[in-house]
Amino acid sequence: MSATLETPLEAPRSQNPKLLTLLLKDKVATLAALVLCFVFLTAVFGPMLVAEQAREQNLLNANAEPFTLDGGWLNFLGTDPLGRSVLARLIVASRTTLSVAVPAVLLSLVIGSLIGMWAGYHRGRRETVVMRIADIILSFPSLLMAVVVLYIFSPSSANLVLVLAITRIPIYLRTARAESAELQSRLFVDAARTFGTKPTAIIFRHVLPIILPTLLTVATLDFCFVMLSESSLSFLGIGIQPPSVSWGLMVAQGRTYLQTAWWLSFFPGLAIVITTVSATVLASWARLATDPAQRWRLTLPRHKRGRKEVK
Amino acid sequence: MSNLLEVNDLTKTFDVKDGKLKALDGISLKLGKGETLGLVGESGCGKSTLARTLLMLEKPDAGTVRFDGTDPFALRGKQLLAWRRRVQMVFQDPYGSLNSRMTAGQIIAEPWKTHKHMYANSRDRAARVRELLHLVGLRPSDADRYPQEFSGGQRQRLGIARALALQPDVIICDEPVSALDLSVQAQVLNLLNDLQRQLQVSYVFISHDLSVVRHVADRVAVMYLGRVVEQGPTEAVFERPKHPYTAALMSAAPKLHQADRGERILLKGEIPSPLNPPSGCRFRTRCWKATDICASAAPPLVQDPESKDHGAECHHPMESPRQLALA
Amino acid sequence: MSALSVQDLTVDIETPNGPLRAVNGVGFEAEQGETLALLGESGCGKSMTAQAIVGLLEPIASVTQGSVTLNGTDLVKASRRKRRQMAGPELAIVFQDALTALNPVYTVGTQLAEPFRIHRRMSAKEARGEAIELMRRVGIPHPDKRVDAFPHQFSGGMRQRLLIAMAVALNPTVLLADEPTTALDVTVQAQIMALLKDLRAEREMAVVLITHDLALVAEEADKVAVMYAGHVVETGPVSEVFGDPGHPYTKGLLDSVPVHVARGEELASIGGTPPDLASIPSGCVYQARCPLARQKCRDERPQLKATQGQRKAACHFTEEV
Amino acid sequence: MTGFLRRRAVTSLLPLIAVLLGVFFLARLTGDPANLYLPVSATPEQRQNFIEANGLDDSIWVQMWDYLGGVLTLDFGDSLRTGESAAAMALRAFPATLQLAFSTMLIAVVGAVVIGSWAAYRPNSVADRISSFLSMTAASVPDFWFAIVGVWIFAVSLGWLPTSGVTGGMASWVLPVATLVIRPLGVLTQVVRGAMVSALSAPYVRLARSKGAGDLRVVTHHALRNAAAPALTVAGDLMVGLINGAVVVETIFGWPGIGKLMIDSILGRDFAVLQACVLLTAVSIFVLNILIDIGYALLDARVREKVSA
Amino acid sequence: NSEYVTGGGADGLRIVLPQEPPTLEACQSSLTATGVVVRSNITEPLLERDPDSGELEPLLATEWEQTSPETWTFKLREGVTFTDGTPFDAEAAAFTIDRAVNSDLACEVEGYVFGDTDLEVEAVDETTLTVTSPEPDPILPLRLSFVEMVSTKTSTTEKVREPIGTGPYRVADWQAGQRLSLESNPGYWGEVPAYKNVNYVWRAEGSVRAAMVANGEADIATSLAPEDGAGELAVAYANNETTALRMQADQPPLDDIRIRQAVNYVIDRKLLAETLFEKLAQPAGELIPDGIVGYEPDEQIWPYDAARAKQLVDEARADGVPVDTEIRLIGRNAQFPRITETIEVIQGELAKAGLNVKIEMMDTNAQLEYQIRPFPKDTGPYLLMIMHGNQAGDAAFTLDQYMLAEGYQSSWGTAEFDQKIRAAEALVGQERQDAMAALWQYEQEEITQYAYIAHMSAIMAKSPNVSYRPNSASGDEMRLAEMSPVS
Ligand SMILES: Nc1ncnc2c1ncn2[C@@H]1O[C@H](COP(=O)(O)OP(=O)(O)OP(=O)(O)O)[C@@H](O)[C@H]1O
Ligand SMILES: Nc1ncnc2c1ncn2[C@@H]1O[C@H](COP(=O)(O)OP(=O)(O)OP(=O)(O)O)[C@@H](O)[C@H]1O
Ligand SMILES: [Mg+2]
Ligand SMILES: [Mg+2]
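Protein chains in written order, with this note's numbering: chain A, 1 to 311; chain B, 1 to 327; chain C, 1 to 321; chain D, 1 to 309; chain E, 1 to 487.
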């Protein structure tokens, strides 16, 4: 066609550096990713290596102090009141912890966001009903729900996941609904409608990718919340049941020993903190990295990122 | 010319805070195959609303839309999808109508995700995306860039490329070139023109740049406050505007050459609120020719004696273009 | 001495693939009481230039070179404090994305009063009075009532006027207006242009008007600077430049205007696309699209040099245009 | 606005009833409290008597009606554990919880706004990174851990504060509030920072700067109010958690609040008290939600219009 | 830093308990949380048992004798009045016993000490009271030592929250949820107690209770665990409590005695007592500790023999016993310090012996369903951790509840064993002691319903300013009158 002109054919320029390259440029985020990988690998493979040692009781070596190699490297982080290696238990606990927290967060994230996006996209009555349901769950004392479910169905990991997931659904529901309600009035959504795109497809193509980073940020905060809730349930005696062990349970059980054997609750607490801080750091990095409008921030030398004005 | 699109007495009311806002108040238009209908009018007069209603993004309160003899609002399923392919839109706002998380390539290819049959494989699609980018004067490498890395004009071109992706029969262009610079504007207009010649595409062309409308449109409709106040073949309307508003609009446009500059009619005051439009003639509050009758009676349709298709709703139609000078 | 003098202004954008030079050695001057139009293809760096002048570039971009002299002060070197003091009373800008620029949570009255509160330290009541006066000045009906309304309650045209009012509140020496009417229709555009003209005359402002509407430039501006791919390629009085362009790009632009071309007929346009900022060729930036291009253009970048009278052009073969 | 309030109140009624019924049925799933309150030797007759006396023998539907009827007349029955009126117990505990919740929220919000804005003002500066790290950590440490460590450090080792209780004057507030405030402060700081970062890059901020507005004015005047809505949402959620009772803190510090009462009545199968507590908290949460909606409206005129439409 | 007083003046004593008394109703005082405040402080019984010697001593009754096999006659103290001014006489005593034992109030004390027997009470004259039981009851006076005397003005149809008694203290101020203040009874018949005011507060967390004493906010803190950090201030004392595992023998594989023996073999009682219980417990071979009638000093304690246990399980497996069936190991949260740890140790050992054991920690109500008849159905086999404290000083209380086939807290038994128990309970004096002591051996060999673990101790923290020596009853009955300031 004559109206268009010859454009020199050029090799497509890589405009979007690979996420990994971008990640490696950010030392803190890289560190966070490494920590999470480490935690994840520990949770997957660790228990195979030290399951036996984590169970091995030795009442004669109870509450041994940490940071000496006298009791072998396994006892480097001390022992618990039953003389078990705190390190081995931390490793075994990582699997339980993640296998409760991750599914709980994912479940509430998926259910809450799907319903929330659906309600927000369609607005009207559907939205009202969904919001009121969220209100109900939110104002329902979650502890009661926990006690009841765990009472009736026994406190297994699966039930714990269920309880935690249900009580956290409204958070995602509300976030997703609010954002989706705003997005459905955007022009690019209208554009998609003019192609005949189905609402579900629009939700997945236009709404989800935009609110996903927000949801992920909420999810990392929640990841932490879920671990702490699990710990609080253990505090009340209805969490993970021994001999299974989770970080939350270790903190809760160790709290009574805070003056006599601080390491019992300190190390699992530290594990929770490190994991959630890493998750949060990585999530906020991902939020920038997946947003084309913000991504540049990650590519700048650090000192420049924040500048608002030119000097 | 058979009418591809026919709109009769279309009315659209929005419920807003303090009452009902009549954005469209009895609009009747027709568009033939391979024809371009120019739609001009002041900001907020309902042009975009009309476009959105034609695309079934809004549901009209009354009136009918016929596309190739069928009512699109009654279509379902496959037929609806087929209709969707045939009618496309270029949105007014190049900032809001592109999803900032998708690359230009993804944006242009998006319609094919719904209309899967159009291109068999991803290679064909990629090739077609490059072709479309080329068509609107962007580089193939731009396919990997995100909308915010483009300037306003470049974005608008992406919107046009996306509308072309489905090879539609009708494109409703809502201010497609107002964000473009002249050279690119010329390219885009040429492009639209070529498509029309080769593929018989029809356009509804919304713009407030009269020189552009004059260049592209076969027929022109002038809107004011939700109503078409003047309508006719382009030349007729431009040469012999009947409605004072049309005349004012034309005089307000800046002219490149000194010779074209006439006396400018500067309209006074703001557009009245569409919530309670003036009684009688809705232009009377800003019209320098208004008399008492304008307030009491709705203006009649006055035909242009020289062109049967050209008419305006006015109590005091303009007699000759020179009358402008008297204003 | 000119009110605003921009010399060799260079702006780089940091991108994942290294820096891009969006504005490259731009220079122009604006005189008191005059309008200078900054013209150019979309994406050529007009907005960047304006933002660099007022020192409000997006964090991604930064001025790497050049000077911006306003009333004898170099803004690029000035302290943040100094700049802040000058922003408003001496230098004002109307941004391109004006329709979203008003703060949605405050009444327009509060926002209009802000310059007075900041620079004149007026009481809230006094400043409000000034705000009403400004609204009246830019022709907003019933200003004493509308002063307490929120931005979203105004139409686009009115919001644009509010922004202009805010910019001229303290009688700045220089006003930068970045496409102040692109979002508006012609009747409103005419009103706003008339308003700007009045203010300019009344307050002896220098106005830098950014637009790509040649007709608007022809009607409103005294001088014009034409930009292409981050460079100023031609400057001079509007009538002279438009009458007899000294750069092939200016000529190309003028030829693209769709007047006096029959319907359906091909419009003239400049072939090709502007160069990618990441790979600007050495030599003339316009070479790829220039009908006059030859070896010299590929080897050597033409400098902006005086041709006749006040005019300057950056072309090796100005005479041939 | 009043119309909005009325509508909100009406639409809140159904969820409120749903919560009450939910608590009613769920509580009854946790088993019969007879073992707790009857002597081990209780004969079947005594059990029967106990069950009848407490109305546990009627069909669950009859019980439900009685319960709902009681709610309407504000009669929640008596506590099994103490024999007192359940409503009185709940009403006595609630102020303690509210005091704790309000002071915690006040500190958390003020702290988060100050720290969050400061961090957002220069994203990625050293100050920002430190405060981000601290707020993330704060958000992820178990509260009972802080509580116990706090008691030993500040009460026992340093002797600055009382360990627990409500009778030690202002000083006795310090540890419970400090324990409670840590997590909300951490969470809110992150939220405020995020919202402020985007508010500070909004076009209106650039406009304000073009008017010569200084840093402080830009932050406090232009960005903060725009960033307030998301913070308000999160603060509301956190407040809901606090109103539902800070069980752990109340337990450790012997704070006679509703959280402790609720958990005690759950563990004690003291249904009447539990129901009274839940009604009280649920109503306050609905009121809180309405207040938050009013907050949105006060912050932003656009919401105000939507609300009154 | 003792400026943060939890109430009371300079002459006030401050005690921190693990929980608030749900009520002060005197007939509920066999509930630990109620009794620890009420008994012998606010109200008094007719006689009281010396925790050390086990002898009954006169209190509101000065003399008593068995006047017929079924009837006991009590001579009451004169000149005693209740704090509401009503006199204490035989009428009042009869009223109290009727109210606590024969009424429909379902008092805790009724079940705890009297089973379902009703008593016939008669006020012969002002100071003479006769009590008749349907069957001859040699320990009726001991049982009556649990009945706290209350004023005749007390309601008979409802339990009351604050009792009117004759004790050295009366309730001054009860701010529910926060604190309970007692003040000395000005009209007390006996010696005036050393402290004029006593303030109780409650904190659930042991380390906080310990910290309060360390910080000078409280003078006495009860129910501490070794790790709570009371340090020098900690005082340990035997508290009559014995822990044990109850084994449900109605479900395989626990119906096989070899499995129950295996459970007994894997519990290393000595090691537990020395390490986990920090030497504050004694390995147990029976459900009652020293000092209780029926205690068998030469108790046979199961040796720790993991190999034997495994062998027994294997044998059972070979005989087709479904030893792989999941066995639930049920415990009650916070029943005693380190209960979870104890249960984990046992679970670990049982797993090594080849049994499939799953721990379930429950809240009190849920656990009680398993502990007290009627038991839940379809539970599968389970081991229940129990802790029994015989406050009465006579094994009969224990035997009735834990050993009889139909005992309230016993899951099963045999007719033969029941007969032996009944016979022993009918005896008095040394005969009674010997007959009862012999039962433990029998139970372990023939029945094996229990795996006894340890006789426990309690820890309290006590400020150096208070002079008090806790005894085995202190956990249930903390006599304020025995406390005095160190001068
Ligand atoms: N969803 C809506 N709800 C309420 N009012 C609306 C809605 N959409 C449009 N309007 C109103 O309808 C009228 C017509 O709007 P429309 O966008 O069609 O104008 P336009 O002619 O396209 O103007 P412009 O030239 O500025 O694009 C305006 O007054 C507008 O405020
Ligand atoms: N975030 C970014 N990343 C990469 N390039 C950018 C970015 N922002 C702007 N640019 C580029 O900078 C150049 C100058 O942009 P500028 O906004 O100054 O153009 P303009 O002349 O104002 O155009 P218009 O008339 O369309 O507004 C453009 O080519 C644009 O593509
Ligand atoms: Mg429009
Ligand atoms: Mg621009």
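Don't read these hints as lab results, they were simulated from the structure. Check before you lean on any hint, since a few could be wrong.
When the alpha-carbon atoms are kept at most 25 Å apart in a straight line, the in silico DSS-like pairs for lysine-lysine are as follows [said to hold, decoys possible]:
id, chain 1, residue 1, chain 2, residue 2
1, C, Lys-145, C, Lys-125
2, C, Lys-145, B, Lys-255
3, C, Lys-145, B, Lys-20
4, A, Lys-198, B, Lys-20
Quantities reported herein were computed from a predicted structural model and do not represent experimental measurements.
Outcome of the hint check:
About 15 Å separates the Cα atoms of C/Lys-145 and C/Lys-125, which keeps this hinted pair within 25 Å; it holds. This hinted pair does not check out: C/Lys-145 and B/Lys-255 have alpha carbons roughly 37 Å apart, beyond 25 Å. At most 25 Å may separate the alpha-carbon atoms for a hinted pair to count; C/Lys-145 and B/Lys-20 meet this at roughly 23 Å. Note on A/Lys-198 and B/Lys-20: the hinted pairing is violated, with a Cα-Cα distance of about 30 Å set against a maximum of 25 Å.
Consistency note: the structure conflicts with the earlier hints numbered 2, 4.
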